[in-house]
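Participant: First to last, the sequence lines map onto chains G and A. What the first sequence shows, in this note's numbering, is residues 55 to 240, in sequence order. What the second sequence shows, in this note's numbering, is residues 55 to 240, in sequence order.
Hint data in this document are derived by calculation from the structure and do not stem from the laboratory. All C-beta atoms in this analysis are idealised placements derived from N, C-alpha and C, irrespective of residue type, glycine included. Treat the hints with caution; some may be incorrect.
[Claimed, not checked] Some, not all, of what chain A presents toward chain G, calculated at C-beta under 10 Å:
hint, residue
1, 62
2, 65
3, 68
4, 75
5, 88
6, 221
7, 222
There are 2 protein chains.
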Amino acid sequence: MNATAIKVDNGVNVEALLGARQALTEAPEAARFKWRASCSWVRGTHSRSTVQSFFGLGAEQAHKTEFTYEADHPEVFAAEDQGATPVEYVLVGLASCLTAGVAAVAQNRGIQLRSVKASVEAGMDLQGILGIDADVRNGFDGIKVVFDIDADASKEDIAALVAQSQRRSAVFDIVTNPTNVAVEIK
Amino acid sequence: MNATAIKVDNGVNVEALLGARQALTEAPEAARFKWRASCSWVRGTHSRSTVQSFFGLGAEQAHKTEFTYEADHPEVFAAEDQGATPVEYVLVGLASCLTAGVAAVAQNRGIQLRSVKASVEAGMDLQGILGIDADVRNGFDGIKVVFDIDADASKEDIAALVAQSQRRSAVFDIVTNPTNVAVEIK
Chain G
55 MNATAIKVDN GVNVEALLGA RQALTEAPEA ARFKWRASCS WVRGTHSRST
105 VQSFFGLGAE QAHKTEFTYE ADHPEVFAAE DQGATPVEYV LVGLASCLTA
155 GVAAVAQNRG IQLRSVKASV EAGMDLQGIL GIDADVRNGF DGIKVVFDID
205 ADASKEDIAA LVAQSQRRSA VFDIVTNPTN VAVEIK
Chain A
55 MNATAIKVDN GVNVEALLGA RQALTEAPEA ARFKWRASCS WVRGTHSRST
105 VQSFFGLGAE QAHKTEFTYE ADHPEVFAAE DQGATPVEYV LVGLASCLTA
155 GVAAVAQNRG IQLRSVKASV EAGMDLQGIL GIDADVRNGF DGIKVVFDID
205 ADASKEDIAA LVAQSQRRSA VFDIVTNPTN VAVEIK
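Construct all of the structure, not just a fragment, from the sequences and the given hints.
Facilitator: Set out below in structure tokens:
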């Protein structure tokens, strides 16, 4: 097998990312991004959020289309289950961030991926949000992510890939570390 | 105006929620939930996550339908922009959690809502995830939520409503406090 004849292609443009790193090292102001979401209440616990504009590279930017997300509580909470719960959106963010990271790091390391699946599960004791027990936190008591990766690499290389994805993941950082949230009323 | 003749209806079944609080106070084991998401890599930084099953009230549960979410990076990151970025999913979770809380608390306090809009913006310095500066965190450097609420209530009551929503919000807690994430490889 001639390794040089096999072109690794995970669909990640690593050259562009390395170019961006170089460009942003020279112009750190351009690295300051602002991400946004806008949420409108529909009825009950059902809301509709949209995502389109963001700020970065020193200018207003926009996704190609506006993305729309319905959120609700499930029927066991006497709601209408019109969408995933808000906490499940956080899990989608975490799983997709780590998965994108695995693809990008694999491309950079010349590892061809065949399939990547991340299963995420988070425990939550409702005694927190229901105000039953003040010692129980409102959020998750922990999150477990299990990766199932089929790639042209050793077990050790796959483990290193996942570890590097964690180290570079925005959502992993957001979930594992505190972030200040300021809430205002217009 | 006869206040008793006006029935406040925000579409939240507060009686059911208060009943659940009573029931879960007596059977705290039933309050232990597990929320899940499953993410499959598509190509590049594009992934597809699904949300359907969860565990709670002592048994396996499921949403009425399977919800599917595409995540990707935008074109300015040399990606194909097939969905919101993972960090934007976190903002959707935060905005929808606080908004559902406003509706539930308003119902409990007899406040009729006419409209609720939450605009969320989060700063992020890409020098973190790009590995340019080790002192810059990967995640958000802060989040600002601005509520615009039209309701049958005073400014003070609306402020109290939003404050109580924050105190009971699962995603507000997840974002503002650290949560342990264990990552394994199958």
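Participant: A separate judgement is required for each hint: does it hold in the structure or not?
Facilitator: Against the structure, the hints come out as follows:
no.	hint	verdict
1	62	13 Å, violated
2	65	3 Å, holds
3	68	9 Å, holds
4	75	5 Å, holds
5	88	5 Å, holds
6	221	8 Å, holds
7	222	5 Å, holds
Hint 1 alone, counting from the list given before, is not met by this structure.
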